[in-house]
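Colleague: All chains, full assembly: derive it from the sequences and hints.
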Amino acid sequence: MKSYLSLIPISAHVHRRQNRLTLLCITISVFLVTAVFSMADMGNRMQTNNMLKKHGNWHVQLKNVPEADAEQIGQSADVSVAAWTDVVNYGREEEYHIGKRKAVLYGIDEAYITDIKNGLKEGSFPQNDTEILLSSNAKDAFGAKTGDRITIETPSGSMDFTISGFGEDDEEFNALYGTFSVYMNRKAFEKYGLVRNPSLYIRYQSQADISRHVSDIKEKYGWTDENIEVNKALMGTGALGGDSGMQEIYMIAVMLFILILIAGALMIAGSMNSNVAQRTKFFGMMRCIGMSREQIIRFVRLEALNWCKIAIPAGVILGILVTWGVCALLRFMAGEEFVSIPLFGVSAAGIVSGVAVGIITVLIAAQSPAKRASRVSPVSAVTGNAGDGKNMSSAANTRFAKIETALGMHHAVSKKKNLILMTGSFALSIILFLSFTVFADLVGLIMPQKSNDADIEIASSDGSNSISSVLLDELGGMEGVTNVFGRRSCFDVPAQFAEEGLSSGVVDVISYDEFDLDCLTKDKELKKGSDISKVYGNSRYVLAICDENVPVGIGDKIRVGSEEVEIAGMLKMNPFSSDGTSDGKVTLITSKETFTRLMGIAEYALIMVQVEKDVKNGDVESIRNAADNEIGGEYAFRNRIGQKTGNTYAAFMIFAYGFLAIIALVTVLNIVNSISMSVSARIRQYGTMRAVGMDEWQVTKMIAAEAFTYAFYGCVAGCILGLLLSKGLYGILITPHFPYAVWSIPIVPLLVIVLLVFAAAVAAVYSPAKRIRSMAVTETMNEL
Amino acid sequence: MNLLEVKSISKTYGEGDTAVQALKKVSFSVPKGEFVAIVGESGSGKSTLLNMIGALDMPSFGKVYIDSKDIFAMKERNLTVFRRRNIGFIFQSFNLVPELTVEQNIVFPVLLDYQKPNRRYLEELLTVLNLRERRHHLPSQLSGGQQQRVAIGRALITRPALILADEPTGNLDTQNSREVITLLKEASKKYEQTIIMITHSRSIAQKADRILQVSDGELNDLGEVR
Chain H
1 MKSYLSLIPI SAHVHRRQNR LTLLCITISV FLVTAVFSMA DMGNRMQTNN MLKKHGNWHV
61 QLKNVPEADA EQIGQSADVS VAAWTDVVNY GREEEYHIGK RKAVLYGIDE AYITDIKNGL
121 KEGSFPQNDT EILLSSNAKD AFGAKTGDRI TIETPSGSMD FTISGFGEDD EEFNALYGTF
181 SVYMNRKAFE KYGLVRNPSL YIRYQSQADI SRHVSDIKEK YGWTDENIEV NKALMGTGAL
241 GGDSGMQEIY MIAVMLFILI LIAGALMIAG SMNSNVAQRT KFFGMMRCIG MSREQIIRFV
301 RLEALNWCKI AIPAGVILGI LVTWGVCALL RFMAGEEFVS IPLFGVSAAG IVSGVAVGII
361 TVLIAAQSPA KRASRVSPVS AVTGNAGDGK NMSSAANTRF AKIETALGMH HAVSKKKNLI
421 LMTGSFALSI ILFLSFTVFA DLVGLIMPQK SNDADIEIAS SDGSNSISSV LLDELGGMEG
481 VTNVFGRRSC FDVPAQFAEE GLSSGVVDVI SYDEFDLDCL TKDKELKKGS DISKVYGNSR
541 YVLAICDENV PVGIGDKIRV GSEEVEIAGM LKMNPFSSDG TSDGKVTLIT SKETFTRLMG
601 IAEYALIMVQ VEKDVKNGDV ESIRNAADNE IGGEYAFRNR IGQKTGNTYA AFMIFAYGFL
661 AIIALVTVLN IVNSISMSVS ARIRQYGTMR AVGMDEWQVT KMIAAEAFTY AFYGCVAGCI
721 LGLLLSKGLY GILITPHFPY AVWSIPIVPL LVIVLLVFAA AVAAVYSPAK RIRSMAVTET
781 MNEL
Chain G
1 MNLLEVKSIS KTYGEGDTAV QALKKVSFSV PKGEFVAIVG ESGSGKSTLL NMIGALDMPS
61 FGKVYIDSKD IFAMKERNLT VFRRRNIGFI FQSFNLVPEL TVEQNIVFPV LLDYQKPNRR
121 YLEELLTVLN LRERRHHLPS QLSGGQQQRV AIGRALITRP ALILADEPTG NLDTQNSREV
181 ITLLKEASKK YEQTIIMITH SRSIAQKADR ILQVSDGELN DLGEVR
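Note that the protein sequences, when read in sequence, are chains H and G.
Note that our numbering numbers the first sequence so that position 398 is 398, with each residue one more than the last.
Note that our numbering numbers the second sequence so that position 157 is 157, with each residue one more than the last.
Honestly, the hints are just simulated from the structure, not real lab data.
A hint or two may mislead.
[Unchecked claim] On the chain H side, residues computed to face chain G include the following (Cβ under 7 Å):
{"hint": "1", "residue": "A396"}
{"hint": "2", "residue": "H410"}
{"hint": "3", "residue": "T688"}
{"hint": "4", "residue": "A691"}
{"hint": "5", "residue": "G693"}
{"hint": "6", "residue": "V777"}
{"hint": "7", "residue": "T778"}
[Claimed, not checked] DSBU-like mimics (lysine-lysine), calculated; alpha carbons at most 35 Å apart, straight line:
{"hint": "8", "chain 1": "G", "residue 1": "K24", "chain 2": "G", "residue 2": "K63"}
{"hint": "9", "chain 1": "H", "residue 1": "K701", "chain 2": "G", "residue 2": "K75"}
{"hint": "10", "chain 1": "H", "residue 1": "K402", "chain 2": "G", "residue 2": "K190"}
{"hint": "11", "chain 1": "G", "residue 1": "K69", "chain 2": "H", "residue 2": "K770"}
Heads up, the beta-carbon is just placed ideally off N, CA and C, and yes, glycines get one too.
Modeller: Encoded structure:
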């Protein structure tokens, strides 16, 4: 032994069992923070990759400026890449076609598609005015190949080109609107008189000084924001040192960091307090043989930091491994946007924050126990009941409960500081749990998973009911299609309300096919008291959508045209508005048969198609071709397959509930640890009690009473504060964006966490009770 | 009639080379109402012997009979109840329950038996132990002598046939030590209780009816005190 501090590892080895759970608590805290920050970091990297892919790797775009000036800026030494681009028919209003589908024409420098957008997939950039580069969807649409001849219909006639290759800069746009992108070199664009409003994309060599470059340009040329656009999407991800976008994710990570820090500190402080309490005689002896108070404080602190040697690396490694696992899960199982998430990324921010939380938590947690240990009197070393009941101010109440129960409860409540620590630590777990359910709710609202979400929408161009039901039948039998259903709609239909005081005398009437109606029940979108069964078929019942302040309710009658219909049910929110509100308007949902009877219309305004998960591009093209053939004229074809959020939603839910599970695990461990420590601290007393006649069952009951008292106080405090916080968070995060969403007491999560706390209390009693039972009475009495 | 019979008990701690034989085939008996003092050097095996008699620890070999009952033949739960009702313990370090008042500490074994304490007997004990004024105090508010008197009260409350006292005066001054021994002797006579007391003090041992000496795990009967 080189110094008295060499005793620390020896003592740690001897007290392995007591330290085991404390070590686990530190490991879990470090793991959680490492994982949360690493995931935030990976999310940032993914976002950067996505933004680069979606918006391109450029810093500024110069537009509506003299070409010579822009050219001059593009040639400056600190510019890495500069590329011109011009576009025709981006709004899809002009008659540029390839076959029946609209085409968007681009006149670009080669660097635009190869470098700025990184979008060249196959072949080469057009070298002359007879070549074009085509978006890849043309391959699926009509089997185009490099070298094929292709005709583009323009308002001024047909133009023939050779396909030099495939590539594109906006797959989502083409998928959504069913357009083709056609890329020409700038000479060809000029030759065919397509030049409109060219702009110059610039990427600087250094990412750091974008703001300075922008202000310099503005100052030199007198340009405004209209002329110079910054790639905010890329800036927002932090890739360019920007300060928005990902900041929110980091804010959440910081919030979790603080919560975990508090939870960790409470947990560890609780166990350390008990640890010190059970070694009073040891510290007394140390004081006896000459250790000063300061040395005792240093001893306890270093003893706590000694745990970090194992717990921090373990937590960090676990955090990194879990991050890798979650990233892999997201990459391979979640939506399209997660494809670019790094697989084996190591986040410096994650590691640093994990290490920081480990050290800070332990130092905060060690503060009070260290002082407590330093206050132990040297006399404690020579008297057996050192410090026992020294601070006891009141006696256990044995009038209302059996002696062992009364003692157990008193053990829990007698030391206020300990009670606050234990209650706080239990409560914090519950608060974390209840708060996190708000995030889960938010994910559910941001990515609502509705059974009637369409993968493909075919809509009449002017919203009229003009699509024949024949198309619906035809699509129903096609390869890759799982469900087809349609909607008819009539807006501002004059209506007479039985209820007076309604501002509007018109309603919107929309028909739902049977599948659509089924989905309303399946997704629990109907208000209480609704009876949707009356709405099916040719009936005189409808469903209604309106705001709370419009006095229309179930059972009310409305005269639409010559007929009176009755409201059989109400929807909780308006599915036709982005924020779920109806803005004072009343919308009626009818069955298709009722709609036809009321409105005399049998054609559809919208056909919605759901396809198989692994639908082939060829199948989608067949659907489009069927629509082309059936509708003939103008219509909108919206392919939303790439926008499906089902997997992303599932991934977020796995993440959210995974976090909840970890919080639950921490709760369980904390309770088990605390009870175990508490028992260890009183083991001598239990020995005495056993000597004077307390049996094993009574010992177990006494420990159980203590555990359940902590659990009770923790639950009361946790539920009250947790529900208040849950309501507050709901008001901040959800209500402003989703006005129809109403906070209600999260009964299921509340029951889950309360049951879990009590189940953990039961589990917590088992091990210490068993330990005492297996020890001889003299052993428990003499244990130090 | 013998209340206690110890028959050839041995206790060995550890195994092999590290084995320590704390008691070596100790046998003796104590009649009802006798006050026996056990003396011996530190580590001689006195406390081990007392723990065996009180069924706090199991012997490696041998038997202990209390009131003709083989205590180690009992099941754990029955043994606990037997101990609660028939044996009173007094420890050197008092070992009171810090959360309970003087009165609650005294009636503790009765409460563990889910019985109502006999109020008259309790009052009598409080009076004898001179603790009436202190009945609602916590152990931390008492002097060492008072705490030991509470421990004596706790040992007497169930009117056990046998009281085992492990250095009951070890933490007390001379005056308190004398009082405690007097109390124990009076109790022994008044309630016909058998007392076995460990002590280091020869003078205190002289107050007993008989002295046994333990040396290196072996017992010698030093005979009756005159």
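Colleague: Determine for every hint whether it applies to the structure shown.
Modeller: Evaluation of the provided hints:
no.	hint	verdict
1	A396	4 Å, holds
2	H410	5 Å, holds
3	T688	4 Å, holds
4	A691	5 Å, holds
5	G693	3 Å, holds
6	V777	4 Å, holds
7	T778	5 Å, holds
8	K24/G - K63/G	13 Å, holds
9	K701/H - K75/G	20 Å, holds
10	K402/H - K190/G	31 Å, holds
11	K69/G - K770/H	28 Å, holds
In terms of the numbered hints stated before, the structure departs from none.
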